[in-house]
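Asker: In case you want the letters, here they are:
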Amino acid sequence: MTKYKTINPTTLDEALETLNGCNVMPIAGGTDLLVKFYEVYGKSLPKLVVLDGLIPLHEIKTENDRISLGPLVTFSEIENSPELRKAAPQLVQAASVAGSVQIRNRATIGGNIANGSPSGDLIPPLYVLNAELELSSVNGRRSIPIDKFFKGPGITVLEKNELITSISFDKTFENGFFLRLATRKALAISKVSVAANYSMQNGTITNVRIALGAVAPTVIRAPRTEEYLSGKELNDNVLSTAAKLIKEEAKPISDIRSIADYRREMVGVLLKRGLNGIPQSE
Amino acid sequence: MILRCMKHDSKHKIVGSSVPRVDAFDKVSGRAKYAADYNAKGQLYGMVCYASHPHAKILNIDTGKAAKLPGVRAVLTHEDIPGEKSFGSVIPHQMALCSDKVRYSGDVVAIVAAESIEVAEQAIELIDVDYRQLDVVSDPKVALKDGAILIHDENNLCAYHKVRRGNIDEGFEKSDVILERDYSTSKIEHSYIEPEAVLAEPGENGGITITGSVQNLYSIRRAVARVLGLSLNRVRIIQATLGGSFGGKDETMSALCCRAGLLALATGKPVKMVNTREMSMRESYKRHSYQIHYKVGSTKCGILQAIESEIYADAGAYAAMSPFVTWRSAVHATGPYSIPNVKTDVYAAYTNNCYTGAMRGFGSPQICFAIESLIDELAEELNLDPLELRLKNILKDNSITATGQGLKHKVSLKEVLDNVTEKMGFVDKWKQNREQKRDTAFKRGIGISCSYRGISLGAEGTDAAGVIISIQTDGSVILSTGLIEMGQGAATTISMIVSEKLGITPDRIRFLSADTSRSPDSGPTVASRTTFMAGNAALRGCHELLERIKPVAAELLRCPEQDLLFENNSVYAPNKTSEGDRKIPFSELADKCFQKGISLFAHGWYKSPPTTWNEENGQGDAYFTYVYGANLAEVEVDCITGNVRVLKFISSHDPGQIVNLSGALGQVYGGVIMGIGYAMLENYAESEGNPLVANFDEYLLPTACDIPEIETTLIHNPDELGPLGAKSLGEPACEIAAPAIANAVFNATGMRIRHLPLTLERVKLGKELVRIDSRGSVKARGG
Amino acid sequence: MKLDFVLNNKRVSINVKGGLRLIDLLREQLDLVGTKEGCGKGECGACTVLLDGKPVCSCLILASQVRNREVTTIEGLSIEGEMHPAQEAFTETGAVQCGFCSPGLLLSTVALLNENPEPSREQIRRALSGNLCRCTGYEKIFEAVELASRRINGLSVQNDKV
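Note that the protein sequences, when read in sequence, are chains A, B and C.
The first sequence runs 1 to 282 under the working numbering.
The second sequence runs 1001 to 1783 under the working numbering.
The third sequence runs 2001 to 2162 under the working numbering.
Treat the hints as calculated values from the structure; they're not laboratory data.
Some hints could be false.
[What the hints assert, rightly or not] With beta-carbon atoms standing in for the labels, derived distance ranges:
no.: 1; chain 1: B; residue 1: Asp1139; chain 2: C; residue 2: Asp2004; range: 51 to 61 Å
no.: 2; chain 1: A; residue 1: Lys36; chain 2: C; residue 2: Glu2082; range: 41 to 51 Å
no.: 3; chain 1: C; residue 1: Arg2121; chain 2: A; residue 2: Gln280; range: 37 to 47 Å
no.: 4; chain 1: A; residue 1: Lys36; chain 2: B; residue 2: Ile1400; range: 56 to 66 Å
no.: 5; chain 1: A; residue 1: Lys36; chain 2: C; residue 2: Asp2004; range: 25 to 35 Å
Computed from a predicted model, the values in this text were never measured in an experiment.
The beta carbon of each residue, even a glycine, is placed where N, CA and C say it ideally should be.
All chains, full assembly: derive it from the sequences and hints.
Answerer: Written out as structure tokens, the structure reads:
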């Protein structure tokens, strides 16, 4: 039987006030935190600030072409949002392949970001959506683009007393995808993932943004590949060159989930397949 | 589901049909009580202190600080053991609590009982153990070399078995083609979803009662009695509803029961111990990883002349069932083929890895993977299709096996192979697949495999079982036996056999959980022996009862005994009695018998037919009978990513006579999926004796999304020895899935994978995944 | 802390430590042992319960997170002793072997059928992929879900299958 100490704020101010204290840690869905809690903290367990009661942080809001998600929006809510299906297809695809139903019903977008894993499935889509994060603390609010948020595996710029209070982005350019590879067809962590967002105009690709998951200490963009693709017609030659380029941009390691060589190779494969419209084979 | 099945023999009333499990209602309502669901007033919580190193001398154990922690009731080490410090069915050297050294990372040096789990965990942290680290032996071949670090006092050879038949050199001389290949298989965790749990309660008689998730109650009782220094009649082991076992809840549970028992006796209080998944993964024994070398010789036209094999099994730190597991491997090493010249050597070596023991298949899945891959490789070499080569060499009626045993029953190998191949048009499809374009990303492949399997214990040891049948005065029946229900459906199949014989419906039969103090020691519930052994014992018990109650029924119905028919909870003599079709309810008959002072209690006992074994040459009638099976797998390989999808699976088996059709199919589906996990996903990876996976996040089991459509064909081939003709099914179903898949991948890609599992990386790059240090960093190992 | 929530259709008001895991609250404090713990990490689904009708792993939820919400466990599936069609279907088709994963699988099934009364095989696979089963190979579980679906929708049930 495991017992944690909890604090249960009901307003954001109360939550931020609590987080300003010592030895506290916010908990959203708990699907990452409770799994690694003991391993990370051992005997000096912090008190958990339970965020469930902060109702406004569960909302999906749309204003003109801007969408903002509360950090407590779950993977299931993203997966089932008709709005997001149109406005952020890659985010919806990522949310729908992660974990299991049980996990998706609890795991939150804020938690996925704050956890800072390079294989966090929602992060590459948020990179290509140019998402902005709003971070709040008793000292005020600040805004930061998602690609400035991560410092390394599990390391972020989030201060101990800060909370992610909103994730916002513009609706996509009509095209986007998220593809990944995993050992198993469900309940699996990605070995490698690729997300993209782009427009097609008169047969050429423009406004292209590509992000890679699980192939570097953080999720990364692939600027050289983006630049190369921009304005090109998508034919076999272009795709092969892009695949070659993107392999050079990946900096994977070998770990229990895959091998560096394999990951590097697959980044190119997934990019090609995504741009060719080949769906996730799961 | 697609099912082809011989219509069940109409001479049976219930046997052969589908009957809902007798324990299903309790299980779907949440009412079934598993070990961790038991609690006793005033219970304490037990916790173990694991070895800090996989191999080390213990210099000192200081429990002083732990003992002083408020809430701690006992801290025990080997010094507190009243009986022997070790146990083991074959070699009694497994330490309940380690004394001089630790041999693997799941060894335990001290145990604590406390008022709460938290306090017990804290107390464990306060135990100081001084170790002197020893070099670690992690490769079984290295372990057997001269000068290797010793795990136990004598050399590291845990077991050795050989089979010699004909003249191996002459066999290869007669061969036109000789092929040598190496295969390896990974270590597998049983992955019963219920982690181990026990509740040990001190008994009024100075003994102990332990309720737990136990598979083999009697071997566990022997271990507990030995370690606690008690006679067998004062140790009572009761089986809680078991949340899966697959061979896994034997020695692991002996250790847990000994520890909980020690704490209960030391404190005079009930002690509950429940393993977390991490503890279970770390401590519980596994399926052996094997390293297998084969040399096969054949004539040009594909007649096998000789097979030589050298097989190394990783026994890990303790013997457990390794000597028997590897013996089964030795008997079956040449596969279901007639081979005149055989030389087989199987070694099990001690290492500092997690120890290995019984798991569904018991030394056969490793062998089946290797030999069935080898046969396909040979077919390729001979330019034959895989089916053709098999059909030329498979065992037939009256064939002689590698151990010199003549097969006197009906050998159904050709039939099972036909069943899986004909419907799919195997040979044509297999040929078409080879013509696929080189540059296609997604390629189809099809592969087959087959096996024979000796049922029950065979020459491993004495093989006997008993079933108690007790008719109540209302005509309901209580069954009890030392063989257990662990999810496989034994409660239902044994009930059905009794139902068939006594003519009462299964709902009138109650199958009790096993209890060592109340049911006869019937040996272990292993080796697909339960239906056969308990079924035969139950038939004898029924026969005995019928002999006693028939005269009473005949008298009531005024008819000769041979005219009586027991059916549907009543007895009658169709058209033969002076009173027409008068039926007497079974309840009335039972009550009448009781009034007359006739015993309504019978103990049916069955001893298996004899087997023989000559250690010198590995020849003999190893098992009293065999079952046969074949698999077909169809896969789609994504040649770009290495992703293999198993699209379709066909499985055909010969269980003799089906008892419960629904249960039989469940065994096949479950077995096939366990085999697919073995083929595609599972690997209990270790590095220098340290486990690299801790939970189901990294030890991956197949999910509902990972499985193919499965078609099953069961053959009706009653065996004269089996109860109503039944043989066995549970293990055959899981042993030949992996080679069918590997053969299918070859058919698709032309790439032969000789090492399990077939991960994306292995299929794409030929490399496997291994973590080198802590969670998060690993290197790749060529494979 | 005082915790108010609805458990199996009944209001519950109880004094608990808010940081207790839901599974421990259910098993240890409320004696509802039908919910099983298989891995403690959200990987096996044996501890699945419904939270406001949706399947979640009770090993990854804290007691204080169910405040004012509705929790359904296996004990709450049958109403006044009458089994849910899914429970009947699991029994009849042979979808249960050792039974340890069955409570979790049943709750996932009930949530699926509430949301989608006529799921396809693919939808069933996906909905149950968070519940590991080592015994059955899932096949008979799929059949059970399909049988329950037909019953719930009042469709004729063919009994020619096993």
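Asker: Could you check the hint for me, namely that lysine 36 (chain A) and isoleucine 1400 (chain B) are 56 to 66 Å apart, CB to CB?
Answerer: Check passed, 58 Å falls within 56 to 66 Å.
Asker: Between lysine 36 (chain A) and aspartate 2004 (chain C), does the C-beta distance stay in 25 to 35 Å?
Answerer: holds (30 Å)
Asker: Starting from the hint 37 to 47 Å, judge whether the C-beta atoms of arginine 2121 (chain C) and glutamine 280 (chain A) obey it.
Answerer: Hint violated: Cβ distance 18 Å, outside 37 to 47 Å.
Asker: Could one say that the CB atoms of aspartate 1139 (chain B) and aspartate 2004 (chain C) fall in the range 51 to 61 Å?
Answerer: holds (59 Å)
Asker: Are lysine 36 (chain A) and glutamate 2082 (chain C) spaced within 41 to 51 Å by their CB atoms?
Answerer: Because 42 Å falls inside the window, the suggested range holds.
In this structure, the one hint that does not hold is number 3.
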